[in-house]
Every structure is written in C-alpha cells, then in structure tokens.
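Asks: I would like the entire structure built from these sequences, with the hints used as guidance.
Protein chains: 4
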Amino acid sequence: MKENRLNKKKIINDPVFGFINLQSETVFDLLEHPFFQRLRRIKQLGLSYLVFPGANHTRFEHALGATHLMRQAIATLRLKGHLITEEEAEAVTIAILLHDIGHAPFSHVLENTLVNISHEEISLLLMQELNREFEGKLDLSILIFTNQYKKQFLHQLVASQLDMDRLDYLSRDSFFTGVAEGTIGIERIIKMLNVFEDKLVVDVKGIYSIEKFLISRRLMYWQVYLHKTVVAAEFLLINVLKRARELKDSGADLYTTPTLEIFLGNAFQPKDFRENIVVEGRNVLTWYTLLDDNDILIAIKEWQFHPDPVLSKLSHCLTNRKLLRIKLSDKALSRKEEEKYLKAIREKIMPDEKLATYFLMTGVITNSAYNKHDENIFVLNKDQTISELNEASDVNLSALSKAVRKHFVCYPKELDNY
Amino acid sequence: MKENRLNKKKIINDPVFGFINLQSETVFDLLEHPFFQRLRRIKQLGLSYLVFPGANHTRFEHALGATHLMRQAIATLRLKGHLITEEEAEAVTIAILLHDIGHAPFSHVLENTLVNISHEEISLLLMQELNREFEGKLDLSILIFTNQYKKQFLHQLVASQLDMDRLDYLSRDSFFTGVAEGTIGIERIIKMLNVFEDKLVVDVKGIYSIEKFLISRRLMYWQVYLHKTVVAAEFLLINVLKRARELKDSGADLYTTPTLEIFLGNAFQPKDFRENIVVEGRNVLTWYTLLDDNDILIAIKEWQFHPDPVLSKLSHCLTNRKLLRIKLSDKALSRKEEEKYLKAIREKIMPDEKLATYFLMTGVITNSAYNKHDENIFVLNKDQTISELNEASDVNLSALSKAVRKHFVCYPKELDNY
Amino acid sequence: MKENRLNKKKIINDPVFGFINLQSETVFDLLEHPFFQRLRRIKQLGLSYLVFPGANHTRFEHALGATHLMRQAIATLRLKGHLITEEEAEAVTIAILLHDIGHAPFSHVLENTLVNISHEEISLLLMQELNREFEGKLDLSILIFTNQYKKQFLHQLVASQLDMDRLDYLSRDSFFTGVAEGTIGIERIIKMLNVFEDKLVVDVKGIYSIEKFLISRRLMYWQVYLHKTVVAAEFLLINVLKRARELKDSGADLYTTPTLEIFLGNAFQPKDFRENIVVEGRNVLTWYTLLDDNDILIAIKEWQFHPDPVLSKLSHCLTNRKLLRIKLSDKALSRKEEEKYLKAIREKIMPDEKLATYFLMTGVITNSAYNKHDENIFVLNKDQTISELNEASDVNLSALSKAVRKHFVCYPKELDNY
Amino acid sequence: MKENRLNKKKIINDPVFGFINLQSETVFDLLEHPFFQRLRRIKQLGLSYLVFPGANHTRFEHALGATHLMRQAIATLRLKGHLITEEEAEAVTIAILLHDIGHAPFSHVLENTLVNISHEEISLLLMQELNREFEGKLDLSILIFTNQYKKQFLHQLVASQLDMDRLDYLSRDSFFTGVAEGTIGIERIIKMLNVFEDKLVVDVKGIYSIEKFLISRRLMYWQVYLHKTVVAAEFLLINVLKRARELKDSGADLYTTPTLEIFLGNAFQPKDFRENIVVEGRNVLTWYTLLDDNDILIAIKEWQFHPDPVLSKLSHCLTNRKLLRIKLSDKALSRKEEEKYLKAIREKIMPDEKLATYFLMTGVITNSAYNKHDENIFVLNKDQTISELNEASDVNLSALSKAVRKHFVCYPKELDNY
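Those protein sequences? They're chains R, H, B and W, same order as listed.
Counting in the numbering used here, the final residue of the first sequence is number 418, and the numbers go up one at a time with none missing.
Counting in the numbering used here, the final residue of the second sequence is number 418, and the numbers go up one at a time with none missing.
Counting in the numbering used here, the final residue of the third sequence is number 418, and the numbers go up one at a time with none missing.
Counting in the numbering used here, the final residue of the fourth sequence is number 418, and the numbers go up one at a time with none missing.
Heads up, a few of these hints could be off.
For chains that are exact copies, the list does not tell them apart, and a pair is met inside one copy or across any two.
[As the list claims (entries may be wrong)] No farther apart than 27 Å at their CA atoms in a straight line, the calculated lysine-lysine pairs in the DSSO-like style are these:
| id | residue 1 | residue 2 |
| --- | --- | --- |
| 1 | K336 | K406 |
| 2 | K150 | K331 |
| 3 | K322 | K10 |
| 4 | K336 | K354 |
| 5 | K413 | K205 |
| 6 | K402 | K228 |
| 7 | K402 | K205 |
| 8 | K382 | K80 |
Just so you know, the hints here were simulated from the structure itself, not pulled from any lab data.
Values in this document were obtained by computation on a predicted structure and should not be read as measured data.
Replies: And the structure:
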C-alpha cells in the first residue's frame, strides 16, 4: 500500500512544467493536509481573471511548481560541488512548499481590510502549528524560512531576488494569463545558480538571462499585476468590504457565510493570531484556514440584492464585471478635481454626500510591492570574485528595480463625457 | 467612446490560442451580459482539479475559445467558395458563444441531482430570454442552434462530431490538465473542413488528422474525463447532495447559500423552467443564473461540521480531498460482494444499516456520454464523392466510437486490507 | 582543463529537448570523432526539405536526441528497480549514439543505387573500427547493438518498436517539418517503460499513450515520410544517379567530387566493405566516411549543364525544384497505360525510345520499410502478467502495423492535360 | 490546373509559425525561381551549427517567415485605418521576400574574402534582373526596397529597427538554436505597430514589449551571433579561404568546384557585378546564383588532404570541428603578447615564420554590425504625439543600442598550458 502510494500518487501533471515528481513522504503528507488543500480555493492572481480569463490558477499549483524548481536548484548546486545534505534538501523543499500557506483570499487586496496581519506572519504561525502536528519534522524548515539557519543561501532559495517563489510565479502567471512575453528562461537561470561565500549568486555567463528575467518581471508588473483594470476591480472589492463592515457594525442585517461572519464581525489584531484566541468555539487560526475566495465571492453575489444602495451597486458591478473607469497619472488628483468628480457622482448616482465617496477611489500603485527582496543580485566572475549585477552588466539595470509610482482615480462609467 | 471600446476591449488574451479577437458588437454585448459572466464561476471540468491541479479553467474561457475557432472555420469555408453571409456568420458565432450558457455547476454530475433538466434545454431557454432582451437579434442563432435553418452545415459547426465546441474543449482540457498527449491538430483540422451537399465534411487529405483527433479524444476520455479518481470524487458529491436533500426534506437545520436553498428546497421539473415559474420573488431561470460552483463548495465546506454523521463525513472528505477508493471492473458487483462491503462499512464506519449505504457507491461509467453526436464523419474524396470515414480509412475506426462501459465500486479507505 | 571540458562543453542546446547533458567522457570523445561529425552533413530526412522547408535537421542532432532519451529511459527503469550497471548504461548509450553512424547521404534512396550494403551493416563496421581506435571500450556496446548481450531489453532500447531511435525521430521530424500533429507523448511513454522477464514492456496505464504513438507514427508516414512529392523527388534523384553512372560507365566526361568519383566509378559489394579493400590510396570505409549530402548536391548542380539531355534535364529539375507529377493508385500501371505515357514523353520531351524511359518512374511505396521491428509491443498488467498490445487494447490496432502499399507513377509536368 | 496550384501549393508548413499561406501568384512564382530556390542552400547562421546543432535553417525559410509577418503587419495597419493599396501590399511583400536574395554563402564571413560587394547591393541587382524577367512587376517593390517610394513606412517594414526581417530572424534563430530565451513577443509587437506622419511607430502600450525585444536581441547577439566559438570558426574559415586564394594565385594545384573556381580565380569588383561582365561563358551574376554553402564545404573537405601544411591543417580543423581556442578581452593584444603566441606556434606547429601567422587570428567583434538600422524607435502616445523610445521608457535603453566591442585572439589548442 505504502509503496503503491510512493510510486503512483506522487507524479502530478502540471501544465507549466509537465510532470512534477514529489520525492519525499513528508512533503506528500503536508500536501494532503487541509491547510494546504485550502490553497486550491485561493486564486493566485485574485481578481485578475476579470481581465485575463485564463488566470484561474491557484496558490496550490504555484506552491507545487516552486517545489519542483527547488528540486532542480538543489540538483544544480550539488553538481557544482556545494554540500546540501538530504535533511537540508527536504527542509528547504518544505519551506518553499509552505511559503504561501498563510495567504488570505485576494490577499494583496484584503490584507488590510479583512485581516490586519501580513500573510508572511500567518504562514509562519501555520508552519509552527503544522510542526506541532508533525512532531518537529519542520524544525529545520522553519529555521530556513526565518533565515536563522547557518547556510544562508538556503533561505535565499526561498526568499530573495532569485528565489524559487518568483521563478515559478513569473512563469506560471505568464502562462495562465496568456502574456507569452512574460516567459523567462527558467531552465537556464537555474542552471546558472551558484553559491559563493554562503550567498546565492549567478554564474557570469548567465548575465543576459538575468537581464531578460528583470525585463520580463517588469513587463509582468505593468502588463498584468498592475494592469489598470485589475486595479480598478481590486479597489472596488476593497470598497465593497469596507461598506459591508460598516453596515455590519451599524447592526444592519447582512448575509455572510459563517466563516466570513467571523472576520467581518471581529477586527482581529496580530496579537489575536499569535495567541490564537478562541472565537465561537474555534481558535482564530482554524477559522482562518476555513476562509477562502468563495466566501468573499458568494457574499458579494448576494449583496447585489441588499437594500443598501452603495453595497448593492458596488456588489453588482463586481459580480457582473461592470468595472469602474480608471485613469493613471503622474501626480495625485487635486482637491479641486476630486470635488468635481464627487459633484458629478452626487448628481448622477448617489445624492448622499458621504455615500458618494464610495464611488470615487484614489490612490497610488507602485511596483515596489513586488520588489520586497531588494537586495542586489550578485554575479560570480570566472576569476572567482563576485560583482553586483549592475557593475557586471553594461546596461544600466538600476532603473529596473527602481520603484515606479502612479496615481490613479477610479469612478463610475456614468461619468463618461460628463 | 464607442470606437475606443471596439478597438481595445475586444482583444482578449487566451493562454491556448493567443489573442482572441471579437469582431462583432453583438457578440461583445452578449459577453458582457450577467448570464454569460456567470460562466466564469463554472469550472469546465468540475471536480477534475482534484486530480489535475491546473484544471481550474471555466466555461467562460471555453465559450470564447470555441467562438475564436468558429471564426477560423468560417474563413476556411468561405475560401473554399461556400457562401456564408455576414448575418449567418454572426448568427453561428453567437450560437457557439452561447451553446453552454445553460450549464449548471458540476453539471455532468448534478444534472440529475439538483435539477431535472438537461443543460442543453436550459441553454435554449436562456437564449430565448436573451433574444427578447436583444430584440430579436438572436433569431437566426436560435434557428441554427435548434437545427431548423436551411443550411444544415452551420448547425454542424455548433453541434456534430467535428463541431467547434469539441475542437476547443479537447485542446483546452488537454492544455489545462497538462495531459499534453491530448493535443489535437486543430489548425489543420479546421483547414480541412469543407461542405458537400450542405453537410460538413473533411477533405480526404485530412484523414490522418481525423484519425489522430479520434484517438486523442479517446485518450482524453480515459485519462481525464473518466479518470477513476475524478469519478470517485463525483459520486462523493452526488451522495453529499442526496444526503443534504434528505436532511432538508426531513426538516433538519441545514446551512445553504440563499440560491442553493431554492434548488435544494424545490424539486423543479422541466415544465417549471419552461413556464419560468416564480419562487421567492424571482422566476426560476433568474434563480438558475445565480447558481454557480461556489454555492456548492461553500455549503459542503460548512457541512463538514453538521451533526449528521453521513453529511459531515462525506463533506469533510470532499473538501479536504480524502477521496474514496475506486475499483473498475468489467462486470457489476455481485449482490454478495456488495453485502460484504456493506458489512465492513457497518463495522468500521457507520453501524446504521441505511446510512451505511451512503458509503458504498456502485455504477457504470461509459464514454458514450461524451459521444452524443454519433453520426458519422464524412470524407470528401478528390473526385467529389463522399465516403464514411470508416470506409475511407484503412484503419478500423469503428472501435473508437464504440461505447465502452466499466463498472465501478467506491468505498472508504478504511476498508483497505479488510 | 579536463574538468573545464566536463563542466562546460557537455551541455548542448537542442531545439526539441532543451538542454542535452552528456554525462560520459567516452560519449563525448565519440561525439568529437570525424566519423560522428560527418553526420552533421547528412540530413535526417533527405530531400523532404523540398516539401517541408524546415526539415534541414541532420542525423547528428537525431543521434544526440536519442542519446538524451536513452538517459531518461535508463533512469526510469532503474527507479522501477531494474538493475542496469554503470557499464551497461554507458554501453547502451554509446550503442544509440552510434546506431546511425553508417548512414549514406539520402540513404533510404541511395542504398541500392550508390552502395550495395545496408546502413546497419556499415554502422556495425564503423563501430568495430572505432572500437579498435578506442581500445575495446565499445565491446559491450557492440554486443548490445548486435543483440548478443544477455540482457535483451538493452538491445530493445536501441532497436525495437519502442526504441529511443524511433521516439526521437518521430518527435524531431514532427518538430522540424512543422507537422505538429505528429507529436508524441514522449515523456509519458518513457515513464511507462518497464522490464518483464528481460523484455522491454509498457505499463498498462500507458496503453492510450501507445495507441496515440502508433497513430502519430502512421500520420507521419503518410504525411511526411511517404509524402508523394517527396517520393517524386527521391525517384528523380535515383534516375539522375542511374543516368550518371551509365554515362560514366560509357566513358563520358562527367564532373564529380573526388569522393563521389570513387563510388560512381566502383560498384562496391558488401564483401569489399567487410574486407575494407584499398582504392586510390584509401580503404573503402575511409572513403565512405568522406561521402556526404554535399557531394551529391554539388554534382547534380553541375550536371544541369552537362551535354546529355537526360542528365541535364533531370538535374535541373532537382536543383531548382521543378519536380515531376506523381499519381498514387491502388493498382500498378498497366502495360498499356505505361505505353501511353512513354508515347507522350517521346513526343513532348525525348524522342529517343530508350532515353524516354528516364522520364517515367513507376513503383510501389509502402510503410513497411518503416516498420522493420515488427515484433509486438507487450503490456505489463497490474497482476504482473503480460499481454500483447492488441489484446490489451479495445481498439483493433493490428491495422496500424499492417503494411500498406501504394503504386505510383511519376511523369513530367509537360504531360499535363495531354 | 491553375486553381489546383492556388489552393494546394501555397500553404507551407513552417515549424516556427505553423502554416504559411502565400496569397499572391507573383510571390509564388518568385518563390519558384531558381534565384530564390538557391536560398535553400544558404544557411541562415553560417557556421553557428558547429555550436548549436539545430541551427541548420536556411535563408529560404527566413524569407518565407518574414513574408508571413509582413502580411500580418499589413493587416494590422489597415485595421488601424492606414491606407495600403493591394498593389502596395504585394510590392512590400515582394520586397521582404527578396530582401536577402543576394546573400553569399557564409556571407557575414565571406563578404570581404570571396566577393567585394555587399549582399544588399547584390540583392538589388538580382531584383532588377528578376524585374526584367517579370516584365516590370517588381517596379514598385524596388522603389520601396530602395526607399524611393513616397510612403516611407513601407520601406521601414522592410528595413528599420522594427522591420519584418529582424522580427523573423530573432524568432527563427532563437527557435532553431534552442536558445529559448531569445523569444520575442512577435504577435504583440506586430499588433502594436502603427503609422504616424508616414513613419512606422509603436503604440505606447507596446512599450514593454519593445523593451523586451531589445533585451532579447542583445541576448541573442552575445549568446548566439557573437558566441565566441562561432567567431573562432568564422575566422578559421576566413584564413582557409585566404590561404586557398594565395595558393591559387601562386599557381598551385587546388581542387575547387567549378563555381568556386570562378570566384577564387577572379577578384571581382562591384563594378563587375553592376556591369554583369561575362566570364567563362556566363555573366557574373549568373555565376553568383550558382554559388552556395556546399561549394565552400566540399572544397574545404578536400583541402584536408592538400599538400600545403597550412591549408590542410586549417581545413581539417574546420571539417572535423577541431576549433581554435578563443579569448576575449577588453583591450587589443599587445605586440609583445602576439610575439609570444607566434613563437609558440612556430615551436609547436609551423616553424615557417610567415605560415605561422595563419594560426593566430586577432580582431574585434562588435554588435554594431547587427545594428545597422540605428535610427530611433518612435512611440505613439495616447494624445497623438510621438516620443523617442528612450524618453518614453523609464528604463535607460540607450545602453542597449550602444556598440560593444571586444577584442579576441584565436590560437590552436596545442598552445594550452604553454
């Protein structure tokens, strides 16, 4: 039976990489855990499917793909003579498998609306929970994930400019959105990885591949991740939830799923998660692992019919893809322009002054959110010295990592030609 | 504004075919209709994502893809000298766009559990509804869809052995499941289409492509559509809903979403849909267009915690992918074997005799369900005669379209080694 | 230096499989040998590039690809518990690397025109020659190649219905001709390979992949390998060389390259190759390894301007792709029809009765030439018994391996509408 | 018959773009002309196949591919409202079909060794020749090719930073070398083309695609076109031909093919081509159209056995891929270092002082050769103004078009560890 399982079930078809071969029993057991299975119900790109109809892929697939790439990276580094023990290999593989386990539904959007804690922190709390269940088998994974392990390059395989997370998601998001240009030379980049003084570096002959990777990433930011229609949809979602919470706080009758009820009705703080407080008979982390995209989508579908004019209209727009107009600009909307928009909204859509503000959204988008690991990429020269990528390349790449900020304003279509 | 819309919004990124260019304003308006937008929330392959993690694609994408292929087929046939007017071209394009609009969530599974009407009939009812809204613009599409239009080959482009529906779904399902072998030579098959005496035929030089198409289809049946683990999941879902309805009928307290409530609480008959009766303030077709995959998945997630031991256990299994064992066989389970299974279930899982039966599922799977259009494929010879494919090919293809039936039994893992 | 070579040079870019990683020093040394480098100048598909402009790939690339697949097959079989020693792995890899080393230019065409010995026999003679040079390092490879080694399945990896030769060439020829439908599920087929009682078999769950492989192969025969325009070009080439030899035998002045001179001027017999006789200061095998596609193409280009009307006209046709018409039929040309063609040729092209026959070619094409290894494919059932594929599949596949014969006649375009 | 031809022969399988559909009879007739058929015997990437075994593709395929892209570009521009008459469309298609017709074998290498005239000038001379044969049908094509036609953007489709030539060759070379990273988003770039004030421009939303295109192009320069081993092979070829000419001039007996004989024996000047002088019974352009890769390769294969020690050794190296070592450096070899190399060569390989110099090659490689059209790329903003790409992009792209120069030295392997 056991053997059967080992041989058969661990080969998984993946549209992006072909066959994915899980090689460890612990990895397989973690995959089968409800915490991990939940990721099947969290879309990798949130609302982007409203613009890219194929972008229905989930964090489940992404975690599998990153695990697959980790195996390849380990093999490459071992071939170049770097010692990675079996135990370390398994630990770093588990770390990448679980790196996103704490993601909330639509998480880039909802992290500050629905839950006041970063998904990274939740990931760690869930890993610790799993570690208890798996009786310490994740000890080393957690050390690597939190960068407390002596071999720092293992952490960098999980979280850095060239981590397996990023290599997978760029490939995968490019694949499912159909933005073929986002493709990166993943096989070659991995073959070019190396370790120098405990740091993850790139062999100098891989420099053009890295340049291409950086340009592809930039293209994906602007063409997909920060696509303006996607941004418009995300801010619509934020306003829907803001209004829902407001109504709930005011005691209005509001349909929710049981799990969403918990999160709309309580404003949990990081401390609550860390202490894992009990609410309605379950502790908060358990509630969290029951929350997925469907809770949000089902609620919004129902809210179309809610008596509140703001909630119903915004929910109708989101469910049926009647998105807002969005305009990008280098500078923020002036107070005067904002007034002009609000006046129009009051005239055409919502006379109430306060409620009118729900139909105007302004803010800033920036690619820096996607650039968290902003440490440099290092290149290993043939003479066994290292250089920063910017020195090694004869193209000025610094611009590529520079944060770009764009101001936006979203407003209803009814204001067209106003 | 208008022009803006025409130029920009009608190019859609599709991972399978690249850019899809919608060329008609009516097609675009239909695409934006809530009836069609609902398809974004209906997975093309139901529960198959439990086996093929990438199979999260939806009927929305499939309908778009089939529309894209229809445009190519029209261009090919026109190039070969067959008259297709602009009006006919638009009508047949709309027919394929809307061919699946009546699909229920998990429809192959739920058609006989949740609703007692075929999705084809609902599709027609919804098209007629849309036709009223669009003031008769769908008249010709409906004639073609129902095969009442004089040029029969137009209907065959929508529904036949070589329709655009099938060409798209085989390609698309192969793409998203990662079963690369399912790939068919779609571009060549379309180039080989022709019309002879008002019938859709294939040029004789395309005969090998058709053979390959038939073999690929067969491979997809057994490797994907009838994959035994998928079948096990589907019968689990059927039993979950059967039990839920039973509990509801018996007056038990049962969480549902508002829309699911309507369908669990009423046993609508085809007549109810045809007459579009009003229930709880909305007519039944409107309720239907509010129902999607998420209603089912959310309910099942909650039912894990229901006091009924059958409902909670089965729901837990489905939500967390603890699927049943399944065995295929050429002959049905004997009465005696069945008894043996039930006895084991009573001992290990559910002492109650009646409830125990929920944990044993038997039945037959057959590829004939996927073979509805079983008319022959005709080949156009160089001398302008036609032959049936079977005569024209020197391989005996009749076996390929033969229905294959396999008996199965599903039972809980706890019975292993029993 | 040595290490440098091991690390760097052994990764080769292959358009079909990505990176090919040579893992053995002997394999690398054989690759660098002039005998093997010659394969760069022998096109894999002979004259097919006249129909498929991309088909310029060579036997060099094919041999590399097959070697790459062999490594994968070995890994799969080892994973399933079959013992393959390092020595055996290297030997079988070398056997596949060299399996085509004896190919003549345009070899399917010229084997009976220019040299009277099969390329398989030459391959063996050249392997023996290399073995002497490599001081016995190829002993085991030769045993495997000639099926004298105890583990028969190793031979089957090199030459059988499912050998790595065929898996590579079907993929590669499909890739370069652009006949995308020929694609086979190579990754999956290799994963399904197994060994049972020393015989190469296929796991039963791979049965649909094998069906698809057989259908793809059949499609490639008729769509590429036996494409009628390619056949017309090949018979043109045969007649050009036949006429050239005739002229040379008759003492006419005839341009050739030095190497072609040797083969046109001598009618070597297998015995001459086996004894490796000396001609014009070199032994015949050495002369053979100097002969490549370019010798033939250069001569024919020059022969366009030869005074002989047959040689010049046929050579002009081949060089400038003015190919003959070809008609396929189920039965041979009757004596009377042949006379009619010849009469027309005499009237329109070549009055001389004997020379006229050069412009009419008749014969038979059959896929059996591609079906040499006609032993059965065996399937390993789950109960550890084996069945023949035909029994195991519910499709009648015997037709697929049946030899199909088609008669053809080629004649000049000038006879159109005659 | 005619119709037959139109329907059947004009669809060509292309591995890169799928089916290529020739839509014009004149284009088809030009394709069948011996001048164009010759391109089948000229490899697109010269000796690069010695490093990238798949790079056997020819200028014939490239010209077809560029023609295919031209049709798409025309369709895009027409859709955006720019007038291109049928006559202009055919003319610009012919111009791109024939843009490379004057290429010599290994032309980047041999242009200054074998013929003293640029391939562009020969292309024009051959187009004029074809125009006479086609009775003026190419008049407009020639005007466009030479940029004398009023609509300048048509010329830019043939020759500019974003011409169809470049879009095809980058895709195609990336495809056949297996350097997957070179892939550019060709479909999207073409969709983003526009015309503004008679100039070919790019819609602003295509800016990231253009950035990616420039980076891919740069990657292809250094990873493929200027790959150092390819450079080493090219300089070997130059020295082989230099020595061969020297021997011929000195009256030595030297094997050549008849056509190569003409070019080695005469040092034709541009004037000779323009006046199309007669040599040995044919005019020089006719001789030129008889020269192809095979003439060079056959001669070098024979020269392995020539008594001259320089010619034979260098020819042996090239034929059997025993390439020279190459070192790149930022600065030129000093006189002293050069002396050191030459001393070693005299000691180890060739005592004769003058002949020794044949084994040392120094020079400069630069990407500027691939950057001939160095005019700017212009971006069309949404407000219908245009900007230079560098202003429009927030990345500094000027570095990408900057010429990079690297000095190299090639020397025989025997000098290793010297």
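Asks: For each hint, tell me whether it holds in the structure or not.
Replies: We went through each hint and held it up to the structure:
Taking the shortest Cα distances, K336 and K406 sit within 27 Å of each other inside one copy (19 Å), while across copies they are farther apart (57 Å). For the identical chains of this complex, K150 and K331 are neighbours neither inside a copy (46 Å) nor across copies (42 Å), given an alpha-carbon limit of 27 Å. Taking the closest pair of Cα atoms, K322 and K10 come within 27 Å of each other only across two copies (15 Å); inside a single copy the shortest separation is 42 Å, beyond that limit. Taking CA atoms no more than 27 Å apart as the test, K336 paired with K354 passes inside one copy only; the shortest distance there is 17 Å, against 72 Å between copies.
Only between protomers do K413 and K205 lie at most 27 Å apart by alpha-carbon distance; the minimum there is 22 Å, versus 51 Å within a single protomer. Taking CA atoms no more than 27 Å apart as the test, K402 paired with K228 passes inside one copy only; the shortest distance there is 20 Å, against 33 Å between copies. In the homo-oligomer, the alpha carbons of K402 and K205 lie at most 27 Å apart both inside one protomer (25 Å) and across protomers (20 Å), since each shortest distance falls under that limit. Taking CA atoms no more than 27 Å apart as the test, K382 paired with K80 passes inside one copy only; the shortest distance there is 14 Å, against 41 Å between copies.
Checked against the numbered hints listed earlier, the structure breaks hint 2 alone; every other hint is satisfied.
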